[in-house]
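Asks: Dock chain E against chain U, hints included.
Residue-level listing of the chains:
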Amino acid sequence: MVLHTNIDKIRMVVIEEVIEETPSVKTFVFDDMLSSNAKPGQFLMIWIPRVEELPMSVMISNKKNHAAITIRKHGFGSTSLFEKKQNDQIGVRGPYGNYFSISKDVKRPLLVGGGTGLVPLMRLATLISKIQERCTIIMGAQTQKEVLFKDLAEEILSKIRTKIIVTTEDGSYGIKGVVTDALKYILKKEQFDMIYTCGPELMMVSIYNLSVTHSIPIQASLERYMKCGIGICASCCINDKLVCKDGTVFNDNQLSKMSEFGKVFRDKSGRPSNYSFN
Amino acid sequence: MKNNASSPTTTNIKSIYKSSNMLSIDLAGIHLRNPLLLASGFLGISQEIFNRLYNDGLGAIVSKSISVSPLDGYKGPTVVSLGDKGYLNAVGLANPGSDVFAHEIMNNQIPLIVSIVGSSQSDFPKLISKFDKLNILGYEINLSCPHVAKMGMEVGDDPDLVTKIIKTIKSRTKKPVIIKVGIGNTDILKLATIIQESGADAITAINTIRAMIINVETGMPILSNKVGGLSGIPLKPIGVRCVYEISKKVDIPVIGCGGIFTWEDAIEYVLAGATAIELGSVIGYTGLKAFNQIKLGITKYLQKKDCKSIKEIVGLAHKY
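In order, the protein sequence lines correspond to chains U and E. As numbered in the working numbering, residues 1 to 278 make up the first sequence, in order. As numbered in the working numbering, residues 1001 to 1320 make up the second sequence, in order.
In short, the hints are calculated from the structure, not lab data. Virtual Cβ for every residue (Gly too), placed ideally from N, Cα, C. One should not assume that every hint holds.
Stated by the list, open to error - Partial list, derived from the structure: chain U residues whose beta carbon lies under 7 Å from chain E: (1) K9; (2) R50; (3) G270.
In isolation and in its complexed conformation, chain U is listed as follows (with noise of 0.2 Å):
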């Protein structure tokens, strides 16, 4: 074990286990003790050498001063990322940005996440298993073979009353539809104290508007594209935030004052283009 105090400067992890989560999603286990120390909705700049340098959400590991990352192959980058073999080496920094807080005074926590975007809840779900009795979680996928950490949630939380359902959006499993689809009818039925959100925007767009009709306060973590991860490229600006310094988690407060939350975001040119539903 090497302790690292600088976290900018870019750590050469090995790639220690493959864990295939769904036909297109693996988590990738490495020792990285900066890594595991890593707060709920914090990230890593992944360098993938001579290919690309990517934005990842911390996962959690359950060995010790380990930490993992959780990829979809997508584009360029994450796909050769994905190929990835068990002994091959990447490279590390961070963990940076802002996280989500929790509190012993949110006693009924709801988390709400898509695809990926349960990699920062599941990290999330130990911190709140470790100081509340309850915890409910509603995750999305599109069929039965993409439901993600279904298991790894049941284990983390099984020792408090947890609910978890999981819609897809085929019906092959659990709920027909999409994750706001079960939280509509959730929140005619139960209360809570805050909802917990990580996933692709637009879906996060309509989690917040639920929220606010519902009067709950909401943290969403937020995902831009991201050259430095450092605050200094303005590539994920959010109108005058950075979601690599000031985000990635921003309140309701923060969310009602972005008029480009769901609307726009910046190419890697820093072009400004609109988020369309597909």
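Replies: Using the frame of chain U, we list chain E on its own:
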């Protein structure tokens, strides 16, 4: 001059407002509330971010270098930390292009200098025509980016081309034109003289210096472009030397840039001859609170030295 001022520990806003006259400067006909500028390349693409940076205490903002057409820049890693407040970057001049950026700043209300970059003389009239009617203070011409082919330093290393570009720009705008120089193949002092003779209004020194880092574990260059520009603390003594020598050589004002992390670094550049200074890498290390911390430190230093204005200490080191 008295001995060193004490180090500022907390940001005292009241003291900063009181000191506004003390820190105000005149730079190539532009009046600025303080001499701290945002160095080009940092955070410079969004009007809302510009407004925030100005509210956080800067005297003026210099945008990212804008080219005629948008550039995506290089793949990651584009920024590498060396630790010890040193950085390498090869962003590849990523920018939204002149049309989109002109639209971004169409309602600008803060002191904004637009940095422009081109690969040929003919790019510059196009760029000036996009921005000259907007509410901006002037231009900084990037003739020194060290890691993009046919742009920046590759232009700045050609004295004849530098002369032609400056004359072309000056004939098309009444706004001040600042030339940002770096360490290339052409002697920086020779270049400074040419820049002054060609009619430019100020010089910014220096840009990052061509450098690289190789990861020993993999044997691979870390930056996707392999070679990038060195910034931060390692650059400071070189920047101070350049500002010192350039300001001795030419009469136009010099803006100091390179590794300014503290008020002492800023003062050092001013003593070397800088009328204003640009801040960049410090943002990655300290964050935006650095601006007010540095201003407070400068103010305390000036008070301790019985100076009424920062203008009094510009180039003071020249007398020794």
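Asks: If a hint holds in the structure, say so; if it does not, say that too.
Replies: Verification of the hints:
1. K9: Because about 5 Å separates K9/U from the closest Cβ in chain E, which is inside the 7 Å limit, the hint holds.
2. R50: R50/U check passes; min Cβ-Cβ to chain E is 6 Å, inside 7 Å.
3. G270: This interface hint holds because 4 Å falls under the 7 Å limit.
Every hint, counting from the list given before, is met by this structure.
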